[in-house]
Amino acid sequence: MPEKRIVLRNCGVLDPKDISTYLEKDGFKAWQKARTELSPEQLIAEIKASGLRGRGGAGFPCGLKWELTSKAPGDEKYVVCNADEGEVGTFKDRYILENDPFTLIEGLAIAGYAIGARKGYIYLRAEYHYLLDLLTGAINQARDRGLLEQFDIEIRQGAGAYICGEESALMDSIEGKRGEARYKPPFPPSRGLWQRPTVINNVETLMNIPQIILNGCNWFSQMGTERSKGTKVFSVSGDVQRPAVYELVMGSPLRELVEGLARAKAGRFIQIGGATGRIVPYEMIDTPMDFEHILGAGSIIVFDQSRDIVDIVRRTMEFLAEESCGKCTPCRQGTRVMVGILDKFAHGQGEERDIRSLEELSSAMMLSSLCGLGQAAPIPVVDSLQRFRSDYEARIRKN
Amino acid sequence: MNSTAGDISAEAKKRGKLLVLLEQAQDKLGCLPKEFMARLAASLGLSISEVYGLATFYSFLSPGPSGRNVIRVCKSLPCYLKDLLIESVKREIGVGPGETTSDGRFSFELTNCIGACDQAPAMMVNHDVYGGLTPEELPRILERYK
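Same order as they appear, the protein sequences are chains W and E. Just so you know, the first sequence maps onto residues 1 to 399 in my numbering. Just so you know, the second sequence maps onto residues 1 to 146 in my numbering.
Bound conformation, chain E alone (with noise of 0.2 angstroms):
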């Protein structure tokens, strides 16, 4: 591609919209199904294990099955050094990291730093973000989680 070109090329927009896609695809969801995959991957003429490259390279993304909230736990350093919820959380939902309630209602994940190092200990849940918990508050915060 020449720098001096014209418009972006045809091919390269209709790339550019993968990601939105897949992020799309992911929030109504809650994965990315391979036949999912393997459809989009046709319609923008790409192969499938390019699609397969961005869903498993982003940590948001899941190609496989996640429950219906995913719970995020921050371990990163400001967060670390405070209590870091695990075993609280573990206790509540009784699964670990990497894990998914039987029931299908969590996904349990440990992630890097989300920015709320000001309110550490800090977790996510889907896309919401608690800080300053206390053990406590858990059972009230999940409880609005089906």
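Bound-form chain W, shown alone (with noise of 0.2 angstroms):
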């Protein structure tokens, strides 16, 4: 199954400086489309019928979030566009923003025209500053020809916190606080930037809207499997030949992006989503990438044969640990447990109890964590458990 280019169809093919390349391959079609063929309500059906779902990881339906936000009471609405790509192993929004800024703002246009937003904003997070100027240009010159007409869009940046890739976080980062998770609900339809409705969409999930409102809603979910329609952009690092980002659709094996594309050779283990994603064994190379089994974010990082997983597993609590926001309890104090009892694992200091503390705390944290990353911090650990135990059991320590 080779490469199927959407979302990346720009990338490589135009000239990001110069908005009259993107205009000359359909650029602007769409949001001229929207806004003279489909009411909001119509182009949110079209949305909602295409069967897009987010592709920040959490997979929630796309044209149902725009539904919510156009419908919740109030006219000063807001979009924002989560830039902030902070998730270990992934790079391709930093991949499309160089190679293709147009279809990202008329993506946002189209997204705002939709729920009545006057103003939309971009968070792009500090590693990517390199990145402001050419977005910037962007901006400007679709804003030079007219093309964001009512509606103003405005880049914030990052000040370098993993957690601002959590949509209440980042929002509170916008609004000038410490990136802290909020607690929920109200969620960002009913409330979200300034207490107002709010859309929050991942780079990649925009990039696929003026694709949609060219082609229609058919042409888009007849691609992918039953709950996951489209294709998704992934980015292949660790021990490969060839990392980068790829293009697949939905439902495509693992196998394909890992030895087919990115050319990888005897692989032990793969995490799939960042920090916090799955650990799957290699035996599992055949299971179908798509938010019925694991996607994330995309985040695909390879281990070969020489791995120490324990290790590996350490590393990752400990970048947890540090990028914990500390407002929640299990999240601020279990990370930092966890990398303590890793700690002595890794040292070959294990005790027997210690596995059963890290399930334990493992199921407290996901529980009563209060956003994703802490729910999701333990995840690594649960895996590595259950598919590596021999390799913790050959660290407990011998009298």
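FYI, nobody ran anything at the bench for these hints, they're computed from the structure. This structure is a prediction, so every number in the text was calculated from the model and none was measured. Watch out, some of these pointers could steer you wrong.
[What the hints assert, rightly or not] SDA-like, lysine to any residue: derived pairs with alpha carbons at most 20 angstroms apart:
id: 1; chain 1: E; residue 1: Lys-82; chain 2: W; residue 2: Gly-267
id: 2; chain 1: W; residue 1: Lys-119; chain 2: E; residue 2: Ala-12
id: 3; chain 1: W; residue 1: Lys-177; chain 2: E; residue 2: Gly-53
id: 4; chain 1: E; residue 1: Lys-13; chain 2: W; residue 2: Asp-152
id: 5; chain 1: W; residue 1: Lys-177; chain 2: E; residue 2: Val-20
id: 6; chain 1: E; residue 1: Lys-90; chain 2: E; residue 2: Val-129
id: 7; chain 1: W; residue 1: Lys-4; chain 2: W; residue 2: Thr-287
id: 8; chain 1: W; residue 1: Lys-265; chain 2: W; residue 2: Asp-304
id: 9; chain 1: E; residue 1: Lys-82; chain 2: W; residue 2: Arg-315
id: 10; chain 1: E; residue 1: Lys-14; chain 2: W; residue 2: Gln-195
id: 11; chain 1: E; residue 1: Lys-17; chain 2: E; residue 2: Ser-43
id: 12; chain 1: E; residue 1: Lys-28; chain 2: E; residue 2: Arg-39
id: 13; chain 1: W; residue 1: Lys-177; chain 2: E; residue 2: Ser-9
Mind assembling these two chains? They're in different frames, but the hints should get you there.
See below:
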């Protein structure tokens, strides 16, 4: 199964500094069609019927999110593009931004029209500051050509915090606060940025919008599986010969991506979805990549036979402990305690009861953490204990 | 605040600029001096602790003094799997992670994923990203930063 480039169709084809190259490729035709041929309700119905789900990891139905925001009371609404790509092993949004900022702007403008927002934000992570001029230039060119009528786009930059990829923390950061996760509900469609109804979408989600409008929802929903429509953009890194960004139809087997495209050899395990992602043994290489199985934001890190899983999980937990925002106790303390225990195993000093502690702590964190970071932080621990338990047992201290 | 109310309150908008102002100051001054944070807090009608709270939350803001140039070596998994460059940078500038050279030219930090995993091992110097690095390339790169 070869690559299917829909989201990435313009990457490497057009000049990201020159909007005329985008306009030659049907650029802003979807925006025009939406505004002249479709009411906001029809537009939302089209996105709903396409089956498009959020590409940032959670997979929430995009059309439903737009509909909830559109129907929420209030005439001041916002659309936010989450370009805070901080998940370990993910770089697809960077690749998109540096090669085709225009489709993103068009998608954002269409989202604004759909929900009745006059203002959109792009939250760009600090580490991608070098893309700021390119992105600003793209917005200015669109504005100069009258393509952002009654819709203003402002770029806000992050300042180095993984948690700001979490939507409620991201909105607090735009509001000029520490990026700490909010209690939910309320959810952004009812009370988001500045407590106003807000749509917040990942870069890749918005990239799909113009093509769905131009080609119709049926064209889109024919691709993929029952509950995962369209394509997915993956970032593949680690022990592979060709680490890069690849786009495949939803439901494609992991093997196609990891061996066929990225040319991995003799892997031992794969982490899918970043720091809080699933760890799967290499034997599961024929698993389909979709929301029904495993997906996340499409981060695929491959580990070869030489890699020590306990060390990898310890390093992942260190990352999560550093990046926990500190607001809720299960995540702030839980990640730290886990680092301590995993350190013991890494040094061959584990004890039998430590495995039980890891398991108990995992279920407490999953149940009681405030946001996705703490809830998902134990996943690599749980997966590795289940599938590679003997690696831990071998590190238990002998008297 | 009522969700159906009109415009965002002036207070909230003013507050919304806080992070932007801190980022600009960080770029210009290289750090966020206490006196600056106190003045900023007063002008926005916020407490100093709120401003300090932001300055210490975000890793790209530094409330304390730092070097004229900041080297950030990525230590997240895809880079961790390759040679991390920590020893090489240390050899090159003479100080380790968390430290600043005595001439104030470089601060050295370790950072989490910078989204250059396809080019591991990678690092940033100020806002510039360098990927696919070998220790031999370091002197040539660091030479550009005075």
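Legend entry - Violated hints, by number in ascending order, as checked against the structure: No numbers; nothing is violated.
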